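The chain contents come next:
There are 2 protein chains.
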Amino acid sequence: MTLPVTIVADAACCATVREPRVGVEEAERIAHVFKALGDPTRVKLLSLIGAGEGGEACICDLTEPVGLSQGTVSHHMKLLAEAGLVTREQRGKWAYFAIAEGALDAAAASLRML
Amino acid sequence: MTLPVTIVADAACCATVREPRVGVEEAERIAHVFKALGDPTRVKLLSLIGAGEGGEACICDLTEPVGLSQGTVSHHMKLLAEAGLVTREQRGKWAYFAIAEGALDAAAASLRML
Numbered sequence: 001m002t003l004p005v006t007i008v009a010d011a012a013c014c015a016t017v018r019e020p021r022v023g024v025e026e027a028e029r030i031a032h033v034f035k036a037l038g039d040p041t042r043v044k045l046l047s048l049i050g051a052g053e054g055g056e057a058c059i060c061d062l063t064e065p066v067g068l069s070q071g072t073v074s075h076h077m078k079l080l081a082e083a084g085l086v087t088r089e090q091r092g093k094w095a096y097f098a099i100a101e102g103a104l105d106a107a108a109a110s111l112r113m114l
Numbered sequence: 001m002t003l004p005v006t007i008v009a010d011a012a013c014c015a016t017v018r019e020p021r022v023g024v025e026e027a028e029r030i031a032h033v034f035k036a037l038g039d040p041t042r043v044k045l046l047s048l049i050g051a052g053e054g055g056e057a058c059i060c061d062l063t064e065p066v067g068l069s070q071g072t073v074s075h076h077m078k079l080l081a082e083a084g085l086v087t088r089e090q091r092g093k094w095a096y097f098a099i100a101e102g103a104l105d106a107a108a109a110s111l112r113m114l
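Protein chains in written order, with the UniProt record's numbering: chain H, 1 to 114; chain L, 1 to 114.
If you are wondering where the hints come from, they were derived from the structure by calculation, not from laboratory data. Errors might be hidden in some of the hints.
List time: in silico EDC-like cross-link candidates among lysine to aspartate or glutamate, alpha-carbon distance up to 16 Å [as the list claims (entries may be wrong)]:
#1 H:K35 to H:E82
#2 L:K78 to L:E89
#3 L:K35 to L:E82
#4 L:K35 to H:E28
#5 H:K78 to H:E89
#6 H:K35 to L:E28
Bear in mind that the values here come from a model prediction, so they are computed numbers and not experimental data.
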């Protein structure tokens, strides 16, 4: 009788590889959100919006505290919006931003998946 | 009697600017952690480590699941270690990584500051 034999090439290494909890698409989604959060200016912008009256802020109020032009701030806000972290509402001349409901909780929840 | 008068240059805009909850150094620190998390490979690596036996993984077990060379994986692990997200322990030939205790909770807590 012959038994099948599995050759372990380097038995000293390693612990069992288990299935990761996060799949490829999920990893892409999580990374997209954290990439948006991975910039000090964007962190400060989110903090300003969160501290704003009614949890929102006009773009015109965001430029001075971060010391950047409106164009640059708009670019940062676009990245935050694309990552689903903020919502944008045009009111006449000005764009107002609010932190997207549940977005920060969802980001925190994705950390618990790791 | 003369009363002090504050001229509001553009009264249509805006809501009161409040002090952001996050200072400059805090924003830098938070962004550093999230920048490390802002890459799908690094998210997957953290997930693999978290799912590993005893909550750790040998570098030799991380290369195949992400389909990258050991050099590239080492670079990603270095960024995660620098951001305080993982700890590294050399055991003979191999480096073992574990998710740094409390690191993901701290990252989640910083989201609640925003």
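Given the hint that H:K78 pairs with H:E89, test it: the Cα-Cα distance must not exceed 16 Å.
-> Holds. H:K78 to H:E89 sits at ~12 Å (cutoff 16 Å).
Is the Cα-Cα distance between L:K35 and H:E28 16 Å or less?
-> Holds: L:K35 and H:E28 sit about 14 Å apart, inside 16 Å.
Is the Cα-Cα distance between H:K35 and L:E28 16 Å or less?
-> 14 Å, holds
Between L:K78 and L:E89, is the straight-line Cα distance small enough, at 16 Å or below?
-> 12 Å, holds
Going straight from one Cα to the other, do H:K35 and H:E82 come out at no more than 16 Å?
-> Given pair H:K35, H:E82 holds - Cα atoms ~11 Å apart, limit 16 Å.
Between L:K35 and L:E82, does the CA-CA distance stay at or below 16 Å?
-> 11 Å, holds
In this structure, none of the earlier numbered hints is contradicted; all agree with it.
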